[in-house]
Each structure stands twice: as structure tokens, then as C-alpha cells.
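Trainee: Please model the complete structure; the sequences and the hints are all you need to start from.
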Amino acid sequence: MTQQDTHDVVRDRYAAAARQGLDSPTGGTSCCGPTAESCCSPQATDPITVGLYEGTDAPSDAALAASLGCGNPTALAELAPGEDVLDLGSGGGLDVLLSARRVGPTGTAHGLDMTDEMLELARRNQAEAGIENAQFHKGTIEEVPMAAGSVDVIISNCVINLSPDKDAVLAEAHRVLRPGGRFAVSDIVLLREIPDALRGIVGLWTGCVSGALLDSDYVTKLGDAGFTDASVEVTRTFDREELQRMSDMVGEHLPEGWTLDTIIDALDGAFASAFVRARKEN
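Position in the sequence shown counted from 1, then plus 1108, gives you my numbering.
Rather than coming from a laboratory, the hints here were simulated on the basis of the structure. From the three backbone atoms N, C-alpha and C, an ideal C-beta is built for every residue, glycine too.
Ranges between beta-carbon positions, derived for each pair:
| # | residue 1 | residue 2 | range |
| --- | --- | --- | --- |
| 1 | R1348 | R1127 | 27 to 37 Å |
| 2 | T1345 | T1370 | 12 to 22 Å |
| 3 | D1369 | G1288 | 46 to 56 Å |
| 4 | D1376 | A1255 | 39 to 49 Å |
Mentor: Written out as C-alpha cells, the structure reads:
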């Protein structure tokens, strides 16, 4: 797929999820499948996204229901009162609203998303939560519509791996951070290479797997973008049973010569959720 094709596929998938949230009285969405039947079954719950905010006092039940991430960056970023935070790919707004609470009235939490439906859902969730120190902006994470040196912390939740131009994303993150600023994102990383045939499966792109970087490559790219102290900390791995539950992401269009079982064999132990840290020098 071209970069534009990838953007279009990802935008369509998350727009559909947002519309489900906007149409639902409770704001609920799911990334486990395109139909209500697939999403209502507990067995169909995507193991990448399940249970990430247990014990969190979410500012909005609808924002919690709409979360499609792979981690909880706000629990790991050590946000301080008065800081300005930017969430790349803010979706339904949960991490922005949690960040806004942590930075308090003297700080601001910004959300950036390219999907109109997600921005509408996020703003509705913000109004429900009554949080004033949050702002949502439309744009792509490869071209952030904010001034250089305008935030203290960059967070993101299983979004950078979806970008077809990760070098541009990391360069933009470095640009908008103030000196001494922190990069603190949750993402999917590869622990070893996967076959090229699996990287072209659209369902795996939008499901956060086949667009992922090797953990070592992530560190290298952060360094190339100008960051220091880059590291990747694995926070969650996935067993064969969980991979089997992700089979809906692959769909019916398997690569030639592949079966669902051989795909699971190829992905077993290959990827994980991780917390990725780096710092912009003073």
C-alpha cells in the first residue's frame, strides 16, 4: 500500500469505530470487529486493548469505552502539574482527559487526530467530563499543526506503529517538544522480524501489528530524530490463545500459501506492547 492508502484504511477503520461510539447511548466502541455481534462477545475482545485502564478513575465512561490503544501512557509518563502534553492520535480522548487532570488547570492537554468522527467523539467526551484544560486539533502525526517547542511531553497510544512514515512522526515529535521535553508512548513493537507477506495484510495494519517497528529499530530512529536516552520496555506479551482471538483482524484474504495456523506460528512471540521513552536534550 502507498502512504495515502495506509492513511485512508486507518482513517476509515477508526471513523467506523467513532461512529459506533457516537451512535451508542453509552459511547461504547470496540476494535474487535466491524459488527455488533463480533464486538458483543467477551471471547471476541481484542487482547491488545483489553484491561488497560483497570483501576483508573476515568473522567468519562464513554471515553474509556472508546479507547483502542495498547497501553496506558498516562500512567507511565509521570506528568506534573503545569505541564503541556500532546497526545498523537488521540482518538476518543481518554488519554487527553486523563492527562488534563494530571497537569491541572495550569497545564494543557492537547489531542491530535486526523479523523473527524473521532474528534467529534472526543469533544463530546470532554464536555461530559467537564474538563476545560484540553484541546483537540485535526491533523496527521506526520505534520503536527503546532509550533516548535510548544509542549513538555509527547504521549501516544498504539498509533505511531500505524504511520507509514515513522521518521516524519518522530521528527515532528522532536520539533514540537521543548528542550528537556519527554517522549513517552505506548506502542506495539516487534521483537523479531515477521515475514513480508504479513506486513501487507490490511487488518494487521489497522490492528497495530504489521506496521510495528523492531524494538531496536525504534531506538535507532529516535536517536536519528535527535532524541537521547531512548529505550523500549516491554509491558505485555501475547500467547497463542490470544493470537487466535486476533484472527478476525486477518479477515478472509490470507496471503497465498498461508493459513491462519501458519500466520499464528509466524507471529508467536514476535510482538509485544511496550512503553517507549526518550528525551529531547536541554
